[in-house]
Structure formats: C-alpha cells, structure tokens
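Each chain, written out:
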Amino acid sequence: MAGAENQSGRKSGGRDADSLRQRLDALGHELAGAQARHHQAPVSAPQGQGAALGQALRLGVELVAGVAVGGFIGWAFDRWFGTAPLMMVVFLGLGAAAGIMNVMRTAKRMQADAAPFKDLPSVPDDDDD
Amino acid sequence: MTVIGAALAAEDAGHGGGLEPGGLPDPMHQFEIKRLVPFELFGLDASFTNSALFMVIAASLITLFTVYAMRSRALVPSRLQSVAEISYEFVANMVRDNVGTAGMKYFPFVFTLFMFVLTLNMLGMVPYSFTVTSHIIVTFALAAFIFLGVTAIGFWKHGAKFLRFFVPEGVPLVMLPLLVVIEVISYLTRPLSLSVRLFANMMAGHTMLKVFGAFVVALGFLGGWAPLAFMVAFTGLEILVAFLQAYVFAILTCIYLNDAIHMHH
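Protein chains in written order, with this note's numbering: chain A, 1 to 129; chain B, 1 to 265.
If you're looking for bench data, these hints aren't it; they were derived computationally from the structure.
One thing to keep in mind: the hints can contain errors.
[Claimed, not checked] To be clear about the criterion: a stretch of chain B counts as covered by chain A if any three or more of its residues have a C-beta under 8 Å from a C-beta of chain A, and this derived list gives those stretches:
{"hint": "1", "stretch": "180 to 186"}
{"hint": "2", "stretch": "196 to 204"}
{"hint": "3", "stretch": "238 to 246"}
[Unchecked claim] Straight-line distance between alpha carbons at most 30 Å, and here's what the computed DSS-like set of lysine-lysine pairs gives:
{"hint": "4", "chain 1": "A", "residue 1": "K108", "chain 2": "B", "residue 2": "K161"}
{"hint": "5", "chain 1": "B", "residue 1": "K105", "chain 2": "A", "residue 2": "K108"}
{"hint": "6", "chain 1": "B", "residue 1": "K210", "chain 2": "B", "residue 2": "K34"}
{"hint": "7", "chain 1": "B", "residue 1": "K161", "chain 2": "B", "residue 2": "K105"}
{"hint": "8", "chain 1": "B", "residue 1": "K157", "chain 2": "A", "residue 2": "K108"}
{"hint": "9", "chain 1": "B", "residue 1": "K157", "chain 2": "B", "residue 2": "K105"}
This one's a predicted model, so the numbers in the text were calculated from it and none came from an experiment.
In this text, a Cβ means the ideal position worked out from N, Cα and C, and glycines have one as well.
Looking at chain A on its own, in the form it has when it is part of the complex:
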C-alpha cells in the first residue's frame, strides 16, 4: 500500500516537475525576449526632429571647424615664417578640404547608424547579463 502510494506520489511529482520545467522554459523565453527588447531600447540613438537637428548642426560645425583650424594653422605659420598671406591662403584651402572630408565621414557614419535592421544581432548574444 505504502509502496503504491509512494509510486503514484513520485509519478505525480514527475508530472509536476515536467510541467514546472515547461512553464520555466516558457517564462525563460519570455524573459529573454523582454530583456532583448529592453536592451535594444537605450542603445539606439535618440530619434525624431531634435536628433535630426543635432545631426544637421554636427555636419555644419564639422565643416566650419575644418576651415577655422586650417586658417588658424596658416596664420600661425605666417607669423613664424613671415610669409603672410601665402600660408594662410594655402591652409584655408586645405582646411576646407579637411572639413569636407570630416563631413563626408560623419555622414557615412550616420548613414551606417541609420541602416535598417542594424539593431539585430548578427550572432546570438551569449552574455548572461
């Protein structure tokens, strides 16, 4: 009698464990999904008009900074070597080139960041945080 009871008790315990494991697995999947969504959110750059304005300003500043730094370097060389205004003219041109290069690089990076599906991991995420 006792043995049969024990047997049936173990059986039902096994079923419980199985169903528990299934529920645990389902919960684990849900949790992983929620965590994935949660982790995606803060990583992506701020969106919307404010972000677009920020990007536009970034490109503008990049362009002007190139010319300004080039002009300053030329002016400093002119002062050292007494070649005014030759160096300044040359370095203003080089600075403009550097500014345009910076703008192109920044724009390329923005384009890469804005590419669709870039948030999807290419390899399964295996860190357990």
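For this one, chain A is given, so just place chain B on it according to the hints.
What follows is chain B alone, placed relative to chain A:
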C-alpha cells in the same frame, strides 16, 4: 552663503540688473561670470566663480545621486536605483557598441564625462541658475583634454605606428603629402568641433529663451501669450538638446577612443 549673496547683490547693482539701454533685459547677462570668492594665485585670477560653484554642485549631485541610489544594492531595484542602473547601462552600452570590450577600460572616464556634461546642461535649465557649458573655454578645456588623452592612448597603444592613422590607404604616392596634411588638419579639428558644438547649442538655446522671455514681458498681458506658448515648447526642446548634446559629447569621445585603440576611420 552670505559672502555669495553679498557678491551677487553687489554685481547686480553694478550692472544695473542687466538691463539693455532700451529697458529690455540683456539676453547675454545670464552668461556673465561673477567672482564669488576673489582669489589670486601667482598673479593669475583663480577666483571661485559662479561657474566653479555650479561645477561643484554638479559633481556633488552626481556623487550623491549614485551613492544614495545604490545604497541598498537591491536585487530588485527601487526606482532611484533603476535610474542609476539605467545610466550605467546606457553609457556601458555606448562604450561597448562604439569601442568594443577593449574600450571598457575607459568606461569610468566616459561615464564621468557624460554625467558631468548632462548634469551641467540640466542644471542650466533650472531658472536663475548658470549654464557652465555655455562657455566655450569650459567645453574647449574638456575637449582639449579628451583630444590630448586620446592621442596619448593612441601613441601608447601603437607607438610610432599610430602615425599611420594619418596615411590613407590605396592612395597614389604623388597625392600622399597633400592627403596626409589634410588628414592631420582633419584630426586637429576634433577638439574645436567637439567644443563648439556643445557650447553653441547651449548658448544659442539659452539666449533664445531669454529673448522670448523678454518678448513676453514687453508684449504684456494681451500679446504675450504667443511668445509664452513658444517658450513652453522651446523649453521642452532645450531639455532634449541638453540631453542630446551630452550624449553626442560622450559618443564622440567613444568614437575618438575607438580610432585611437583600433586605428581605423
């Protein structure tokens, strides 16, 4: 505090409350540096100014916030602890995404920088406060420190090979001298563009707010509602800009770090 109060009162009296000749408030008055505790060091003016005061406030606020929010170290975080954890994760993900795991060594610096700039920007949104980041000398000092530090890391990691960073690949030999000069200038623009972006955004926004605030007063009860409505919307935008510029400042630091550590554009 009485010293500060007296100094503020004296300065205000000295400048006639910051009124323009036309009777409207001067929109640039808010950016004025005031000496709270005059102090001279080796002939240099090293006074404790309102700018320095707000930097101290920001640093204390960040320290208080992080230490107080994490005091319980609960597995299930309270709301405040969540905010601290989110700011940690936000910056940690930023560093990991832009620099990779090799950059996590510099995470404390980026986190400090982001929190400092963010807090200074947000403190600037409080009425009657002072916006430290609206002064180019402050943002330029930050940017110059980042620039020098990142360049030093580049040379430390790669030695003289770091100079190859300035030599673009697959370029005919004739063009090389010209392109190297352009690359070097492009590299030197970094501290300027980094500092000007933050400073210009903060100063322009706060000037706009003051100008429209003056419109509200000048147009009175009948006409003042339109600029007031604009100001409400613009204040929202300014809070967004305050966050965005701190974010951009930190993410560009990450990108520069990535260039120095991994040496590719």
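These are the hints, each one checked on the structure:
Look at the stretch 180 to 186 of chain B against chain A: 5 of its residues bring a Cβ nearer than 8 Å to a Cβ of that chain, three or more, so the hint holds. Evaluation of the coverage hint for the stretch 196 to 204 of chain B: fulfilled, as 4 residues show C-beta separations to chain A shorter than 8 Å, against a requirement of three. Look at the stretch 238 to 246 of chain B against chain A: 5 of its residues bring a Cβ nearer than 8 Å to a Cβ of that chain, three or more, so the hint holds. Taken as a hint, the K108 (chain A) and K161 (chain B) pair is honoured in the structure, with Cα atoms around 26 Å apart against an allowance of 30 Å.
Distance restraint check for K105 (chain B) and K108 (chain A): the Cα-Cα separation of roughly 27 Å lies within the 30 Å cut-off, and the hinted pair is therefore satisfied. Restraint check for K210 (chain B) and K34 (chain B): satisfied, since their Cα atoms lie roughly 19 Å apart, inside the 30 Å limit. Proposed proximity of K161 (chain B) and K105 (chain B) is supported: the alpha carbons are some 22 Å apart, at most 30 Å. Between K157 (chain B) and K108 (chain A) the CA atoms are separated by roughly 27 Å; this keeps the pair inside 30 Å, and the hint holds.
Proposed proximity of K157 (chain B) and K105 (chain B) is supported: the alpha carbons are some 13 Å apart, at most 30 Å.
Of the numbered hints given earlier, the model fails none.
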